[in-house]
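In order, the protein sequence lines correspond to chains E and W.
Start counting the first sequence at 1; every next residue gets the next number (this note's numbering).
Start counting the second sequence at 1; every next residue gets the next number (this note's numbering).
I should point out that these hints are in silico values taken from the structure, not numbers from a laboratory.
Here a beta-carbon is modelled for each residue, glycine too, at the ideal position from N, C-alpha and C.
Among the hints, erroneous ones may be present.
To be verified - Output of the computed footprint for chain W on chain E, the stretches with three or more beta carbons under 8 Å from beta carbons of chain W: (1) 30-38; (2) 44-54.
Claimed, not checked - Partial selection, computed: residues in chain E whose CB lies under 7 Å from chain W: (3) 5; (4) 12; (5) 102; (6) 104.
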Amino acid sequence: EDQVTQSPEALRLQEGESSSLNCSYTVSGLRGLFWYRQDPGKGPEFLFTLYSAGEEKEKERLKATLTKKESFLHITAPKPEDSATYLCAVQAGETSGSRLTFGEGTQLTVNP
Amino acid sequence: NAGVTQTPKFRVLKTGQSMTLLCAQDMNHEYMYWYRQDPGMGLRLIHYSVGEGTTAKGEVPDGYNVSRLKKQNFLLGLESAAPSQTSVYFCASSYWAGNTDTQYFGPGTRLTVL
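The following block holds chain W by itself, in its conformation from the complex (with noise of 0.2 Å):
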């Protein structure tokens, strides 16, 4: 049972440039979520799945895209890097447990744009 794993783990990228995160879970959850964490920001959603073939907008959706084509895998998109997407990126999925869903975390992807 591997949990959360995130694919690469590191990426140095050029302004323009594009590229996938991808994010898969053995966990079989329902919900799956994209954060970016920069230093004295936090965490902030990007963007986040409630099932196969949904996505909705988080906090900081601006220059990505997200796909859900299947449960397990949530692939994040980055069309047109910029230096401002420079961040480390976790993905984390969740079941509904009734009353709330605890979220767990992949071991991140670092992404530097140049």
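Next up, chain E with everything else stripped away, as it sits in the complex (with noise of 0.2 Å):
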């Protein structure tokens, strides 16, 4: 059964004060690793998607890591309009539409 975990449930930070998400991950053959935001009472918005062990993807301040076990989404100096909640999910499989399956994500706070 694939599995998602990600860490820390919730993490506040000041503008301008870097830091890291961590999404760990188990699955058989996965085809990609995808980062979702979700604003409040929004649906999540994708951000990126990774293939394979050691591919990276950037956007503005964001940037997404990505190993056989784990993912890492770096926040480089976070501005208050990045706080959200950030979504993790994998997609395993050798089917076209098959099911992502998400962790529970991160809840960020950038404060001012």
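Now that you have both chains on their own, put them together as the hints suggest.
Written out as structure tokens, the structure is:
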């Protein structure tokens, strides 16, 4: 059974204080690891897909990395507008339309 | 281009009542999904569809039915609502891009069953 564990559950940062969120996973045959951002009362917003160990992707202040067991979402010099819940999900299997298994998310608060 | 839309945004039901949630996407995506999100449980897949006229069970399908009569629409039905179905429901759609299919989510429907 695919499993995704995110840590910490909640993280408070001061504006400009860089940090990392962790997503550890166990899956048979990883096809992709996804990061989403979710604001209160809204649906998850797609950020990144990582396909294989060693891969990195960046978007503004966010950088996602992937190893064989975990992924990190690095936040550099965060701003208050980066406050949100960040969700990690894995997709496995050979067929298209395969399900995503989500972690419970990390709630990030960035104080001005 | 509205992406994924969901109707209604909020709904309150009494135990035993029925209702249908509508999801629509204008991206011509082949695959569509219904999830529920509960505190401490994360997003869990209820049912999904890999094409018009096809549906399949996800992780938590009991108490729900779905239909995909048109490619752009995916309906989630509750025949006899129970308090345990109080949740936020999200629809998503995706297309196959050669290796993975990235899912794009709607804004959600907040359902309360009394």
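Evaluated hints:
With a threshold of 8 Å between beta carbons, the proposed coverage of the region 30-38 of chain E by chain W holds, since 4 of its residues qualify and at least three are required. Counting residues of the region 44-54 of chain E whose beta carbon lies closer than 8 Å to any beta carbon of chain W gives 5, which meets the minimum of three for the stated coverage. Below 7 Å, beta-carbon pairs count as interface contacts, and residue 5 (chain E) has none with chain W, the closest being about 10 Å; its hint is therefore violated. For residue 12 (chain E), the interface hint is violated, since its Cβ never comes within 7 Å of a Cβ in chain W; the closest pair sits about 19 Å apart.
Proximity of residue 102 (chain E) to chain W holds as hinted, the smallest CB-CB distance being about 4 Å (cut-off 7 Å). Below 7 Å, beta-carbon pairs count as interface contacts, and residue 104 (chain E) has one with chain W at about 4 Å; its hint therefore holds.
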